[in-house]
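Participant: Spelled out, the chains give:
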Amino acid sequence: MAVTDRRCAAVALLILLVVTGTARTATLPEDKVDAFYHRYEGGGMTIDGPSVLVRKGMGNQVSVSGQYYVDSVSAASVDVMATASPYTEERTEYTLGADYLEGNSILSLSYTNSTENDYEANTLYLGISQEFFGNMTTVSIGYARGWDTVMEVGNDSFEAEADRQNYQLGVSQVLTPNSVMGLDLEVVTDEGFLENPYRQNRYIDPSDPTNYLYQPERYPETRTSVSAAVSGRYYLPWRASVRGRYRYFSDSWGIDAHTVEMGYVHTLGTNWTLEGGVRYYTQEQADFYSDLYDFGNSQTHLARDKEMSTFSGLTFSAGVEYQWQRIPVPGIDRLQLGLLVDYLDFSYDNFRDVTASGDYLPGQEPLYGFDAWVTRASILFEY
Amino acid sequence: MTTRLLARLPLCILPAVLLLAGCSAPEPWVKPYQRANLADPVMLDSRKGKAGEYIQHVYGARESARGAQGSSGGGCGCN
Numbered sequence: 001m002a003v004t005d006r007r008c009a010a011v012a013l014l015i016l017l018v019v020t021g022t023a024r025t026a027t028l029p030e031d032k033v034d035a036f037y038h039r040y041e042g043g044g045m046t047i048d049g050p051s052v053l054v055r056k057g058m059g060n061q062v063s064v065s066g067q068y069y070v071d072s073v074s075a076a077s078v079d080v081m082a083t084a085s086p087y088t089e090e091r092t093e094y095t096l097g098a099d100y101l102e103g104n105s106i107l108s109l110s111y112t113n114s115t116e117n118d119y120e121a122n123t124l125y126l127g128i129s130q131e132f133f134g135n136m137t138t139v140s141i142g143y144a145r146g147w148d149t150v151m152e153v154g155n156d157s158f159e160a161e162a163d164r165q166n167y168q169l170g171v172s173q174v175l176t177p178n179s180v181m182g183l184d185l186e187v188v189t190d191e192g193f194l195e196n197p198y199r200q201n202r203y204i205d206p207s208d209p210t211n212y213l214y215q216p217e218r219y220p221e222t223r224t225s226v227s228a229a230v231s232g233r234y235y236l237p238w239r240a241s242v243r244g245r246y247r248y249f250s251d252s253w254g255i256d257a258h259t260v261e262m263g264y265v266h267t268l269g270t271n272w273t274l275e276g277g278v279r280y281y282t283q284e285q286a287d288f289y290s291d292l293y294d295f296g297n298s299q300t301h302l303a304r305d306k307e308m309s310t311f312s313g314l315t316f317s318a319g320v321e322y323q324w325q326r327i328p329v330p331g332i333d334r335l336q337l338g339l340l341v342d343y344l345d346f347s348y349d350n351f352r353d354v355t356a357s358g359d360y361l362p363g364q365e366p367l368y369g370f371d372a373w374v375t376r377a378s379i380l381f382e383y
Numbered sequence: 001m002t003t004r005l006l007a008r009l010p011l012c013i014l015p016a017v018l019l020l021a022g023c024s025a026p027e028p029w030v031k032p033y034q035r036a037n038l039a040d041p042v043m044l045d046s047r048k049g050k051a052g053e054y055i056q057h058v059y060g061a062r063e064s065a066r067g068a069q070g071s072s073g074g075g076c077g078c079n
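Chains as they are written, first to last, in full-length UniProt numbering: chain A, 1 to 383; chain B, 1 to 79.
Pair by pair, the computed Cβ-Cβ distance ranges are:
1. A:ASP31 with B:PRO26: 36 to 42 angstroms
2. B:PRO26 with A:HIS266: 33 to 39 angstroms
3. B:PRO26 with A:LEU314: 37 to 43 angstroms
4. A:GLY269 with B:PRO26: 36 to 42 angstroms
5. A:THR149 with B:PRO26: 47 to 53 angstroms
6. A:VAL52 with B:PRO26: 42 to 48 angstroms
7. B:PRO26 with A:VAL230: 19 to 25 angstroms
8. B:PRO26 with A:ASN60: 31 to 37 angstroms
9. B:PRO26 with A:GLU161: 47 to 53 angstroms
10. B:PRO26 with A:THR300: 49 to 55 angstroms
11. A:ASP333 with B:PRO26: 36 to 42 angstroms
12. B:PRO26 with A:GLU152: 55 to 61 angstroms
13. B:PRO26 with A:MET58: 36 to 42 angstroms
14. B:PRO26 with A:LEU183: 16 to 22 angstroms
Quick list of in silico lysine-lysine cross-link-like pairs, BS3-like style, CA-CA up to 27 angstroms:
15. A:LYS32 with A:LYS56
16. B:LYS50 with A:LYS32
17. B:LYS50 with A:LYS56
If you are wondering where the hints come from, they were derived from the structure by calculation, not from laboratory data.
Here a beta-carbon is modelled for each residue, glycine too, at the ideal position from N, C-alpha and C.
Isolated chain B (complex conformation):
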């Protein structure tokens, strides 16, 4: 699998190089001074601190699904 992937690497890089050579890279379309709303605490889960993260521990002990939550930790306490 890895060998096949390496063999196809030039095919992967080529489109990117052509893309970069053939046209200019897109400019960031949302300027820093336009991001006040995005920085507002109502847009951030982190405004709730660790208390907000705790609910993931509750789910982790009662559901089989895990991951893709952007946090890490260990232990259980879930009998």
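Only chain A is shown next, with the shape it has when bound in the complex:
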């Protein structure tokens, strides 16, 4: 009954929004070139590469964009070193998108193709955003469909499929002349081959000199997750802002997660913007996860991915941007340079480091943890 009451309230709110909605034209994004170099380094992994996005309006109602993005991966993580050798690979991603403006609505369509030597992902996204209530309320609805093909280097006969669907709902509400809040809800469903063909899990085997052996991981073939987030942002009188966000996540594999973020943005004069933030993430393990199974094939689903374990992560972030509003370069309206740096620290509660030096009994190895730096240097200009 409580669920029905909430549904009634939601329907009533929706009707209220539709009936009281008043029109004022929304706006399309500016014409721009948005390029950055990214680098991730930590936990035995180095991932870097460029990204370039170009956006151009076509008339008053259409804006199109194209993005090129690369991840160059050099991998020697604890997962790789436990059962394999370091490797390098490259992922290339292309996105084409179009936005159509009609009154106070924006319809968005995009297609993304991501290619690696052993993985291909195609994603189609359709979204609509509409302003209501004197433009104090913006409701966004999105749907994405993904078709992935999983392959395995060294095993040409292996090829599997994984499909994904995302259902998104977002509401942004102006509260006062200085504050705005947001609500986001997303349901994701996956179906198909959802594990990693390279990763393995371990089980106790006294007959082996190490007292344990490895076996391929085996995930369920379906997964459904729900996430809900609430966020707020407040403008401070010295031209600065504070923000906060909380997200709850739960999925059909038994994983529950909480994310809390806070940030502060500060300006110096008209050209400089500084920012800092902190983020805390924690999750409970998947029902079928184990760092060390009692024996081989001891249950239907088997996973030892550290991403399925119980762990927490803390991030500290900082950034600086410098912008020229009216630069003396023909055809360019605004130029912005940016540098963003994040420090990430992950601590695992039940994932052990089998690569640790020393003579440990199975299940007695030290718990794993790692830190990483994420850096992005960007240049953005509007024309």
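Dock chain B against the given chain A, drawing on the hints supplied.
Facilitator: Relative to chain A, chain B alone:
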């Protein structure tokens, strides 16, 4: 479940209709000319462009939680 929901739909619509009939709809209380601060780039994550969105890709490859970020995409590159 769907049938039960449809059966209760009049119960859902009725409060909304009564609300709209019994009192005037609330007026937007923040006028367009009062929104300069809300439109300031310090209030928008989009001021950082695609570089700002990138960090969600980093988290997506290392954490099980996903969604409710207001963005979409595909691929992994996360071994």
